[in-house]
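Residue numbers (the working numbering), protein chains in the order written: chain A, 1 to 416; chain B, 1001 to 1149.
For the record, the hints were derived by calculation from the structure and aren't laboratory data. Among the hints, a few may not be true.
[Claimed, not checked] With beta-carbon atoms standing in for the labels, derived distance ranges: (1) B/Glu1117 - A/Val15: 33 to 43 Å; (2) A/Glu158 - B/Glu1059: 25 to 35 Å; (3) B/Asp1100 - A/Asp316: 33 to 43 Å.
From the three backbone atoms N, C-alpha and C, an ideal C-beta is built for every residue, glycine too.
What follows is each chain in one-letter form.
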Amino acid sequence: MNRSAAASNAPRFDVATVRRDFPVLERRVRGLPLAYLDNGASAQRPLAVIEAVDDYERRHHANVHRGVHTLSQEATALYEGARDRVVEFLNARSRAEIVFVRGTTEAVNLVAQSWARPRLSAGDEVLITHLEHHANIVPWQMVCEQTGARLVVAPIDERGEVHAEAVEALMGPRVRLFACAHVSNALGTVLPVERLVASARARGITTLLDGAQAVPHLPVDVRALGCDFYAFSGHKLFAPTGIGVLYGREALLESMPPWQGGGDMILRVSFAGTTYNELPYKFEAGTPNISGAIGLGAAIDYLSGLDLGGAHAHEDALLAHASHALEGIPGLRIVGSASRKASLVSFVVQGVHPHDLGTVLDEVGVAIRTGHHCAMPVMEFFRLPATARASFAFYNTFEEIDRLAAGVQRARQLFG
Amino acid sequence: MELNDLYRDVILDHNRNPRNFGPLQNADAQAEGFNPLCGDRLTLRLKLDGDTIADVRFEGDGCAISTASASLMTEAVKGKTRAEALDVFERVHRLLTADDASGADLGKLAALSGVREYPARVKCASLCWHTLTKALSPADGAGAAVSTE
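Only chain A is shown next, with the shape it has when bound in the complex:
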């Protein structure tokens, strides 16, 4: 069952109903109801995820792919069942294309070291954009240092937008790999990835998309996108931390050497030599994060039971409401005004440092992210040391956004 088919059978999206699925939303912080607007950093877990992990820990835990005993078989079935959920979620072709990793960061590093490092040589180019998270910059800088390849950075404009023409102009004959965010974590910009991937493919350039901020907000179909690699983290998709996914086209993964050596990634080991395991296990050395994977599978199941069209429409309405409420505050400037944005708002307030704003908002129960968002080049582009970022999930409400705006006003009075 794919997501759209599930959604058509699901009850109409209702935020009050959905909020009851997330126990943490009942919390109070400093005496006030929690308004959790830091979903871009990490989203909260629905009860379905908490219970799936709990059930595994209580009843089914054993190591996977090893034992003939009952629990090991159950744990293996649950772990591989979670992989099947991911196959459906991304519309991949098979289990062989889904590698469980710790998160987006590990996925990008895996591709940098296992795909890029053996292939790149001096003078080759890796193309990224100015919008990237450090996790989609530093692994490429490392592999460039190792191989003598060059990192090329495509520009953004003052609205935080990436223009396809500007990126395509940089897709020269030496570019071997194009890596970019599907959605910018610092500004919310949705990048024109369909066109960029198509342009790269037409030039024989391998593509990687960092989907960490995209999967909670947009339907993702890796076959329709045509990308070679797609990476995301479970914890931004309402699943536990420490689990993530690297999707790779099977032929590419097949052609890559293992990244880490150890148990589970081998078929046969002798001191004369070792035969590696088949995909995806070749890339999963050691005992994996079994409970995390099961939690991720449960999160995907939970999402398939929602009216996702309704949820995404609600997120768009939250973004519009937040933009409107914040724009009305004197001295406040929204950073990033791309025509297509995921539901997050980055902003600065004259006379109030984002870090102080974060503390004042916490005092009224509102949780946001303040800082450089692991995207220092974006901050430098806008000549800002930091911004405040409110990032929404479908369980957020207009009232929470109004509390955010009231908190910003309070901070202005305090520091004004």
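Once you've looked at the hints, dock chain B against the given chain A.
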């Protein structure tokens, strides 16, 4: 814990109008401080008269806690010897981290005592002090960078 206990009037005042803020010509020592968590950066420059801090000024961009702490620090250490300045740092450090430190002997710097109730903000207040230690240490005094991470 009340917000007003963190952002006391002294802190707000020194944030709005930081003292000893700006460049210092012909400095004898300087150090850079950087807090990657919030992006705070400051440059601290010193003029030394023998062992005494004859003048001290800072520049940079930071949150209210970091700016006010640096401003208060420059007032507190100007005219002090290295050893005296480092002793003030020790006492401020205790104020920021130990529950039983009253700061009664610290004058205006006691306004920083509210910070210890906000563990995520202690680094904001201590950044300038770590930078001062760096600037005062003979080996690193010229252009060294200090990070609170």
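Practice task
Confirm or reject the claim that B/Asp1100 and A/Asp316 have a C-beta distance inside 33 to 43 Å.
Solution key: violated, 52 Å
Handout entry: A/Glu158 paired with B/Glu1059, Cβ distance criterion 25 to 35 Å
Key = holds, 27 Å
Exercise for the section: Determine whether the Cβ-Cβ distance between B/Glu1117 and A/Val15 falls within the hinted range of 33 to 43 Å. Expected result: Once the Cβ atoms are compared, 34 Å apart, the range 33 to 43 Å for A/Val15 and B/Glu1117 holds.
This entry does not satisfy hint 3, going by the numbered hints stated previously; all others are met.
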